[in-house]
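Trainee: Take these sequences, add in the hints, and give me the full structure.
In the order they appear, the protein sequences are chains A and B.
Mapping of the first sequence onto the numbering used here: position 288 corresponds to residue 292, and the numbering continues sequentially without gaps.
Mapping of the second sequence onto the numbering used here: position 42 corresponds to residue 84, and the numbering continues sequentially without gaps.
Honestly, the hints are just simulated from the structure, not real lab data.
Some clues are possibly wrong.
In the DSSO-like style, the derived pairs of lysine-lysine whose C-alpha atoms are separated by at most 27 Å in a straight line are [to be verified]:
1. A:K159 x A:K220
2. B:K124 x A:K220
3. A:K222 x B:K124
4. A:K297 x A:K220
5. A:K66 x A:K349
6. B:K218 x B:K124
Cβ-to-Cβ under 7 Å is the rule here; a few derived chain B residues that face chain A [as the list claims (entries may be wrong)]:
7. N49
8. V159
9. A299
Note that beta-carbon positions come from the ideal geometry of N, C-alpha and C, so glycine has one too.
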Amino acid sequence: MFPTVRFLAAAALALLAVPTLSVAETVKIGAAFSLTGNAAAYGAQQKHGVQAAIDDVNKSGKLKGVTLELVLEDDGTSKEQGIAVFQRFINRDKVSAIIGPTLSTTATAADPIAQQGKTPVVAVSNTAAKGITDIGDYVWRVSLTEAQVIPSALKVAQAKIGFKNAAILYGNDDVFTKGGFDVMKASLEAAGIPIVDIQTFATKDRDFNAQLTALKAKNPDFLMVSALVEQAAAIVSQARQLGWNVPIMGGNGFNSPKLMANAGPAAEGVMVGTAWNKASADPANQAFIAGQKARGNDPDQFCAQAYTGVLVIADAIAQAGMKGGRDDIKAGFLKVKDLSTPLGKFSFLPSRDGSHAAAVQVVKGGKFEILQ
Amino acid sequence: MGQQIVNGLFLGSIYALFALGYTLVFGVLDILNLAHQAVFMICAYVALVLVVHLHMPMFAALPVAVLAGGLMGIVVDRVAFKPLRGRSDSNIAGLISSIALATILEAAVLQVFGPDVERFPFGAVPTRSLKIGGAVVSELQIVIIAIALAMLLGLTWLLRRTRLGRRIRAVAESPKAARVLGVDVDRVIAASFFLSSALGAAAGVLFGLAFNNVAPDMGRSVELKGLAVIVLGGMGSMPGAALAGLALGLLEVFTVAWIGSSYRDAVAFGVLFLVLVLRPRGLLGSAALREA
Numbered sequence: 005m006f007p008t009v010r011f012l013a014a015a016a017l018a019l020l021a022v023p024t025l026s027v028a029e030t031v032k033i034g035a036a037f038s039l040t041g042n043a044a045a046y047g048a049q050q051k052h053g054v055q056a057a058i059d060d061v062n063k064s065g066k067l068k069g070v071t072l073e074l075v076l077e078d079d080g081t082s083k084e085q086g087i088a089v090f091q092r093f094i095n096r097d098k099v100s101a102i103i104g105p106t107l108s109t110t111a112t113a114a115d116p117i118a119q120q121g122k123t124p125v126v127a128v129s130n131t132a133a134k135g136i137t138d139i140g141d142y143v144w145r146v147s148l149t150e151a152q153v154i155p156s157a158l159k160v161a162q163a164k165i166g167f168k169n170a171a172i173l174y175g176n177d178d179v180f181t182k183g184g185f186d187v188m189k190a191s192l193e194a195a196g197i198p199i200v201d202i203q204t205f206a207t208k209d210r211d212f213n214a215q216l217t218a219l220k221a222k223n224p225d226f227l228m229v230s231a232l233v234e235q236a237a238a239i240v241s242q243a244r245q246l247g248w249n250v251p252i253m254g255g256n257g258f259n260s261p262k263l264m265a266n267a268g269p270a271a272e273g274v275m276v277g278t279a280w281n282k283a284s285a286d287p288a289n290q291a292f293i294a295g296q297k298a299r300g301n302d303p304d305q306f307c308a309q310a311y312t313g314v315l316v317i318a319d320a321i322a323q324a325g326m327k328g329g330r331d332d333i334k335a336g337f338l339k340v341k342d343l344s345t346p347l348g349k350f351s352f353l354p355s356r357d358g359s360h361a362a363a364v365q366v367v368k369g370g371k372f373e374i375l376q
Numbered sequence: 043m044g045q046q047i048v049n050g051l052f053l054g055s056i057y058a059l060f061a062l063g064y065t066l067v068f069g070v071l072d073i074l075n076l077a078h079q080a081v082f083m084i085c086a087y088v089a090l091v092l093v094v095h096l097h098m099p100m101f102a103a104l105p106v107a108v109l110a111g112g113l114m115g116i117v118v119d120r121v122a123f124k125p126l127r128g129r130s131d132s133n134i135a136g137l138i139s140s141i142a143l144a145t146i147l148e149a150a151v152l153q154v155f156g157p158d159v160e161r162f163p164f165g166a167v168p169t170r171s172l173k174i175g176g177a178v179v180s181e182l183q184i185v186i187i188a189i190a191l192a193m194l195l196g197l198t199w200l201l202r203r204t205r206l207g208r209r210i211r212a213v214a215e216s217p218k219a220a221r222v223l224g225v226d227v228d229r230v231i232a233a234s235f236f237l238s239s240a241l242g243a244a245a246g247v248l249f250g251l252a253f254n255n256v257a258p259d260m261g262r263s264v265e266l267k268g269l270a271v272i273v274l275g276g277m278g279s280m281p282g283a284a285l286a287g288l289a290l291g292l293l294e295v296f297t298v299a300w301i302g303s304s305y306r307d308a309v310a311f312g313v314l315f316l317v318l319v320l321r322p323r324g325l326l327g328s329a330a331l332r333e334a
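Mentor: Pasting the structure below:
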């Protein structure tokens, strides 16, 4: 009798234990990135980011009883393909959440499909201020908008340089540069920094000497410039040629290696806001960089944001009590708070936009370095 | 203030150099060569290729590009103007065919070099600068102003004192009379195109150097300004074009400094309009329109 009872008891215990140990729940996450087309350079980095994040989360054992599975598809840098991929994710692959697509334009077309299909989306590279998270309550965002990066970057620069007033130069016939200007002006006003002068130029201009001389005459401590990268290089070169060594901070248009290629030594010291502080000593960031290096990838901001996208979903699953359903994840997002990520401590705002500290890059020796 | 004058003179001397070539052909033939801006642009590319790919020093590349521009001027005449000469509507037809030629040349450059801005390598352009009473003047700016001035004086001398100059002036007065007097009118016209386009080429190279920016659409940005300058200076007047070029440069710069950069073109063309109303022949235009 005894052995049988013991055997049965052991068998019962084993049966109880088995489901939680080996028949773990698999949660599918769809990632739609531009692996081909114009934005393919970003997509390649994003792919590295999500792949590493899925592996890291599964290995960490943070999600007890849940295994993440990645379904990666190419959005082709096009709205049509983005919509098709989203439909496949939602109806055929039955994913629990979607990361992507790469460009804001694609997102404006594809995200409404996810909203209708009640499948949460995490945008990891869309930075358009409007038209992304406004799509609906299933659309969430990790990537900071320019309106979020500039005020934060301004604070960092202010702490570092301690300027008392500022001037702005911007292109007034381009939606992107005008939008950047609006944010700069609002940020300076919010920070209580007087704006001593504002000058404008047109997209086709090549000569900025007159504007720069007029600005220089007002002797501001700090110059903010909202321009596309071609003009950015010319403006920086001509300012230095005029013998004006004011600290310059650019908008997102400056965020390109072309700035250094075109302006050469004149670009030294120019500052640009960035969502990812590459030099952060935060262990989450250091581990992320080491992981990417081990994969043979030199990570950029897009890679770090894509990686964070997966971490956010994993945390939402954990917050929902290790449940990976679509609505569990959506509910879990609300509880993501001060999550440790390569981007820093990450939380969601009530607008479903992400929030974390931005950093300032400065050109040093022909390369962007983090201003510390 | 001092710095803005330097900025204005610098910008103005490029306008002047560009407009000199424009006005030379207009003075001789009474036609506008709208392919002038294409020659301006292509010669900037010629200099760029010589410096970047053949590693020529800038001071050697400039004369080669200017020569290439001159030869291109002869081609422009042969292709766009000569076949139409003698027709009753040759002025308008030539205007249109030169626009067509400019478009073709621009498209060709776009095919070869792409739409991106090209640059002279660092070090090809002198970057030293000196201070004159609070104003910073770069070596390059001084060189550009000097070249513009030298070309203006050289052209004036050529037109006043040489056989070619006399012939050009004779053809400008009346092609028919010049032909009767034994002048080879076609050759004189070709020579005018050569000179005009060489000036345009010099302007193109200097413009490319000044802003270190060579792009297929660079001619477009000075085309309208050049037209304004020759109207302002008096159609066909060389010193007028030079003076008006400098005036436009200064006007633009001071509009930016005192009124605001958004009003720059509005003020520049507003003044052009006023000059046309108050002084229809331009600043230095010859007294009355010639009756044919």
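Trainee: Hint by hint, where does the structure go against what was stated? Just the numbers, ascending.
Mentor: 2, 3, 4
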